[in-house]
Each structure stands twice: as structure tokens, then as C-alpha cells.
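Peer 1: Sequence:
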Amino acid sequence: MDSPLLKYSAKDYFFKAALCHFCIDMLNAKLAVQKYEELFPAFSDSRECKLVKKLLEAHEEQNVDSYTESVKEYDSISRLDQWLTTMLLRIKKTIQGDEEDLR
Numbered sequence: 001m002d003s004p005l006l007k008y009s010a011k012d013y014f015f016k017a018a019l020c021h022f023c024i025d026m027l028n029a030k031l032a033v034q035k036y037e038e039l040f041p042a043f044s045d046s047r048e049c050k051l052v053k054k055l056l057e058a059h060e061e062q063n064v065d066s067y068t069e070s071v072k073e074y075d076s077i078s079r080l081d082q083w084l085t086t087m088l089l090r091i092k093k094t095i096q097g098d099e100e101d102l103r
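The sequence shown lines up with residues 1 to 103 when you count with full-length UniProt numbering.
Just so you know, the hints here were simulated from the structure itself, not pulled from any lab data. Each hint should be verified, as a subset may be incorrect.
Said to hold, decoys possible - Result set (DSBU-like, lysine-lysine): computed pairs, CA atoms no more than 30 Å apart in a straight line:
(1) LYS7 to LYS54
(2) LYS53 to LYS93
(3) LYS30 to LYS11
(4) LYS35 to LYS93
(5) LYS35 to LYS11
Model the full assembly from the supplied sequences, consistent with the hints where possible.
Peer 2: See below:
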């Protein structure tokens, strides 16, 4: 992260990339988040990273309520755009047992 301009948008790019990985599978998303934290340590403290980690935990526990609550918490401070909403709903469907191809 040598470019100062890239630092401002890195957390958003990493957040969206982690959600894309999550749509493929949970392990893929965990590994991606670890990699992003190594590349950009400030990502670890971001709300986006914390949300992805909460979602991974909820998914692992198959807890739809925890997943939904985490998303609501995030949305109350930072409004979700259409793309994020779509991705988060796709991931939520996998918790509910509807594990069709998400791509």
C-alpha cells in the first residue's frame, strides 16, 4: 500500500473481494481476509473486516439471526448499496440451507 490514494479505498475493495470469496466458499473467504489483513493491517480494525468476521462466524454456526443482526448493525451506520445487499442475501441463503450455485 504505497499509494496514499489506494489506502483510502483499500478497505472497500478488500470488503467487496471478501464477500465475493464468501460466495464461493467460507474457507476461501477466511483465507482471503487473512491475506488482506497481512497486506493492509489497517483493514483488521475496519468495520468492514469486523463485519466479514462476524458473518463468517454466524455462517459457521448456521445462525441466521446472528447473521441478520450483524448486517443490520453495519447498515445502521453505513448504508448498504444494492451490490452489497445482493451479495449479503446470496450468502445468507447458504445459511438457510439453499446452497445452490451462488455465482
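Peer 1: Please go over all the hints and tell whether each is borne out by the structure.
Peer 2: Hints, one by one, checked against the model:
no. : hint           : verdict
1   : LYS7 to LYS54  : holds, 23 Å
2   : LYS53 to LYS93 : holds, 18 Å
3   : LYS30 to LYS11 : holds, 16 Å
4   : LYS35 to LYS93 : holds, 26 Å
5   : LYS35 to LYS11 : holds, 13 Å
In summary, this structure violates none of the numbered hints.
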